[in-house]
Amino acid sequence: MPESVPFTDIAMDDAMVERVESVLRSGRHVKGTECETFEANFAAACETDHAVGVSNGTAALLLGMQALGIGPGDTVFVPGHTYFATVSPVLELGATPRFVDIDPDRYTMDPDALRAAVEASDDPTAVAVTHMHGQPAAMDEILDIADGNDLLVIEDAAQAHLATVDGDPVGGLGDIGCFSFYPTKNMTVGGDGGMVTTDDEAVARQLRALRNHGRDETGEHVALGLNYRLDETNAAVGDEQLARLPEWIEGRRRAASQYDRRLGDCPAVVTPATVEDATHVYHHYPVQVSTGEREAFRAFLDERGVATGIHYNRPVQEQPAVRERVEPAETPVAAAYCARTVSLPMHPRLTDAEIETVCAAVEAFADESGQVETQPGGPGHSE
Numbered sequence: 116m117p118e119s120v121p122f123t124d125i126a127m128d129d130a131m132v133e134r135v136e137s138v139l140r141s142g143r144h145v146k147g148t149e150c151e152t153f154e155a156n157f158a159a160a161c162e163t164d165h166a167v168g169v170s171n172g173t174a175a176l177l178l179g180m181q182a183l184g185i186g187p188g189d190t191v192f193v194p195g196h197t198y199f200a201t202v203s204p205v206l207e208l209g210a211t212p213r214f215v216d217i218d219p220d221r222y223t224m225d226p227d228a229l230r231a232a233v234e235a236s237d238d239p240t241a242v243a244v245t246h247m248h249g250q251p252a253a254m255d256e257i258l259d260i261a262d263g264n265d266l267l268v269i270e271d272a273a274q275a276h277l278a279t280v281d282g283d284p285v286g287g288l289g290d291i292g293c294f295s296f297y298p299t300k301n302m303t304v305g306g307d308g309g310m311v312t313t314d315d316e317a318v319a320r321q322l323r324a325l326r327n328h329g330r331d332e333t334g335e336h337v338a339l340g341l342n343y344r345l346d347e348t349n350a351a352v353g354d355e356q357l358a359r360l361p362e363w364i365e366g367r368r369r370a371a372s373q374y375d376r377r378l379g380d381c382p383a384v385v386t387p388a389t390v391e392d393a394t395h396v397y398h399h400y401p402v403q404v405s406t407g408e409r410e411a412f413r414a415f416l417d418e419r420g421v422a423t424g425i426h427y428n429r430p431v432q433e434q435p436a437v438r439e440r441v442e443p444a445e446t447p448v449a450a451a452y453c454a455r456t457v458s459l460p461m462h463p464r465l466t467d468a469e470i471e472t473v474c475a476a477v478e479a480f481a482d483e484s485g486q487v488e489t490q491p492g493g494p495g496h497s498e
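Heads up: take any position in the sequence shown, counting from 1, add 115, and you land on the numbering used here.
Do not rely on the hints blindly, as some may be mistaken.
Calculated pairs, SDA-like style, for lysine to any residue (alpha carbon to alpha carbon, straight line, at most 20 Å) [stated by the list, open to error]:
| # | residue 1 | residue 2 |
| --- | --- | --- |
| 1 | Lys146 | His328 |
| 2 | Lys146 | Val337 |
| 3 | Lys146 | Ala388 |
| 4 | Lys146 | Asp307 |
| 5 | Lys146 | Arg330 |
| 6 | Lys146 | His426 |
| 7 | Lys146 | Arg320 |
| 8 | Lys146 | Glu162 |
| 9 | Lys146 | Gly329 |
| 10 | Lys146 | Gly306 |
| 11 | Lys146 | Thr348 |
| 12 | Lys146 | Gly340 |
| 13 | Lys146 | Glu445 |
| 14 | Lys146 | Asn327 |
| 15 | Lys146 | Arg134 |
| 16 | Lys146 | Gly334 |
| 17 | Lys146 | Asn156 |
| 18 | Lys146 | Ala450 |
| 19 | Lys146 | Asp331 |
| 20 | Lys146 | Asp354 |
| 21 | Lys146 | Leu341 |
| 22 | Lys146 | His336 |
| 23 | Lys146 | Asp128 |
Please keep in mind that the hints were generated in silico from the structure rather than gathered at the bench.
Can you make the complete structure from the sequences, with help from the hints?
If you want it as structure tokens, here you go:
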């Protein structure tokens with residue numbers, strides 16, 4: 116077996132360790148200057164007025180929606196293809212998720228499907244847009260729909276730190292942006308963590324209270340909040356990683372470009388599309404394989420030392436905890452995509468040799484399975 120190619124690689128260097136050690140020795144482990152510094156630098160990177168650190172990405176979505184006033188009787192439109200955490204806060208707050216199909220090229224919410232869903236709704240309130248795999252959604256069109264229907268816009272940017280649309284960073288395009296720093300994300304905090312970005316001072320003030328038992332700057336408990344604080348050691352690591360993130364993004368884009376060139380004409384897979392108005396940051400590099408071939412494809416690559424992932428194996432509305440609580444919706448593009456998607460190894464430290472190992476394994480699968488025609492959707496397609 117060739118040397119293995121890991122699916123991801125978590126970066127942690129001496130500077131990060133030293134900064135954590137400094138925090139531990141300081142004796143100030145929560146509600147200190149490290150979190151304030153990280154928040155200020157993250158807000159600047161996202162070009163927003165405020166950034167509020169929280170304990171994880173799910174908390175970012177939950178508290179963000181709560182700070183916007185979402186609750187019982189509200190309808191929140193969510194993409195059919197996203198992670199469970201985009202939807203679970205909607206249900207937790209007593210609101211109703213309505214599922215919207217995805218664009219077959221971007222793998223993000225289809226604006227035309229959103230428009231139809233909004234027109235069919237009696238009580239539209241908000242849209243939660245996921246920038247999937249590092250690919251920004253079609254925000255110009257989605258924001259136009261939101262403006263025309265008085266919808267709040269929640270950006271789930273957990274997979275898209277510093278991605279841009281027309282040069283503007285995600286997280287600053289809607290009413291709030293929600294980020295995750297889970298260890299496999301493009302940047303992390305040495306554990307778990309999250310961030311909410313906004314230009315609305317009142318929303319930011321509410322977020323700071325909600326993450327700290329509902330307690331405001333006067334010390335009064337003004338809301339029914341719990342403990343969702345981001346601690347000082349995690350914030351210190353996050354601030355160090357944020358400074359390195361642009362370089363790491365370039366590493367991801369370099370690896371993706373090599374995959375595109377090598378696999379764009381491979382009949383076994385459809386490579387992900389790129390779009391002119393957006394900067395993809397490649398949290399994942401998902402390819403699509405023939406229906407029914409996915410497990411054979413993954414096993415073939417695994418035998419050759421190549422790790423793969425699935426993001427995700429079914430539309431989120433089909434997850435048992437969601438299915439029993441919502442009305443079914445037709446999302447055929449999301450369903451077809453979820454049945455065929457496989458994520459190849461992706462991180463900024465992928466070597467040329469590792470990329471060669473991955474590509475050779477994919478090409479060998481095409482040869483051994485007798486595939487001679489490119490998969491539907493076209494190789495290396497772009498809008």
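Comparing the hints with the structure gives:
1. For the suggested pair Lys146 and His328, the alpha carbons sit about 13 Å apart, so the restraint of at most 20 Å is met.
2. Proposed proximity of Lys146 and Val337 is supported: the alpha carbons are some 18 Å apart, at most 20 Å.
3. With a C-alpha separation of about 42 Å, the suggested pairing of Lys146 with Ala388 is violated against the 20 Å cut-off.
4. Restraint check: the Cα-Cα separation between Lys146 and Asp307 comes to about 16 Å, which is no more than 20 Å; the hinted pair holds.
5. Note on Lys146 and Arg330: the hinted pairing holds, with a Cα-Cα distance of about 13 Å set against a maximum of 20 Å.
6. A C-alpha spacing of about 35 Å is found between Lys146 and His426, which places the hinted pair above 20 Å, so the restraint is violated.
7. Taken as a hint, the Lys146 and Arg320 pair is honoured in the structure, with Cα atoms around 15 Å apart against an allowance of 20 Å.
8. For the suggested pair Lys146 and Glu162, the alpha carbons sit about 23 Å apart, so the restraint of at most 20 Å is broken.
9. Between the alpha carbons of Lys146 and Gly329 the distance comes to roughly 15 Å, so the proposed pair stays at or under 20 Å and holds.
10. The straight-line distance between the Cα atoms of Lys146 and Gly306 is roughly 17 Å, inside the 20 Å bound, and the hint therefore holds.
11. A C-alpha spacing of about 11 Å is found between Lys146 and Thr348, which places the hinted pair at or below 20 Å, so the restraint holds.
12. A distance of roughly 16 Å separates the Cα atoms of Lys146 and Gly340; the hinted pair therefore holds under the 20 Å criterion.
13. Distance restraint check for Lys146 and Glu445: the Cα-Cα separation of roughly 45 Å exceeds the 20 Å cut-off, and the hinted pair is therefore not satisfied.
14. Taking the CA atoms of Lys146 and Asn327, the gap is near 10 Å; set against the 20 Å cutoff, the hint holds.
15. Restraint check for Lys146 and Arg134: satisfied, since their Cα atoms lie roughly 16 Å apart, inside the 20 Å limit.
16. As the CA atoms of Lys146 and Gly334 are separated by approximately 14 Å, the hinted pair is consistent with the 20 Å bound.
17. Taking the CA atoms of Lys146 and Asn156, the gap is about 16 Å. The hint holds against a cut of 20 Å.
18. For a cut-off of 20 Å, the pair hint linking Lys146 to Ala450 is broken: about 43 Å separates their Cα positions.
19. A hinted pair counts as satisfied when its Cα atoms are at most 20 Å apart, and Lys146 with Asp331 qualifies at roughly 13 Å.
20. A threshold of 20 Å between alpha carbons decides the hint, and for Lys146 with Asp354 the separation of about 15 Å falls inside it, so the pair holds.
21. Only pairs whose Cα atoms come within 20 Å are accepted, and Lys146 paired with Leu341 is accepted, the gap being roughly 15 Å.
22. For the hint pairing Lys146 with His336, the CA-to-CA distance comes to about 17 Å; that is within 20 Å, so the pair holds.
23. A hinted pair counts as satisfied when its Cα atoms are at most 20 Å apart, and Lys146 with Asp128 does not qualify at roughly 25 Å.
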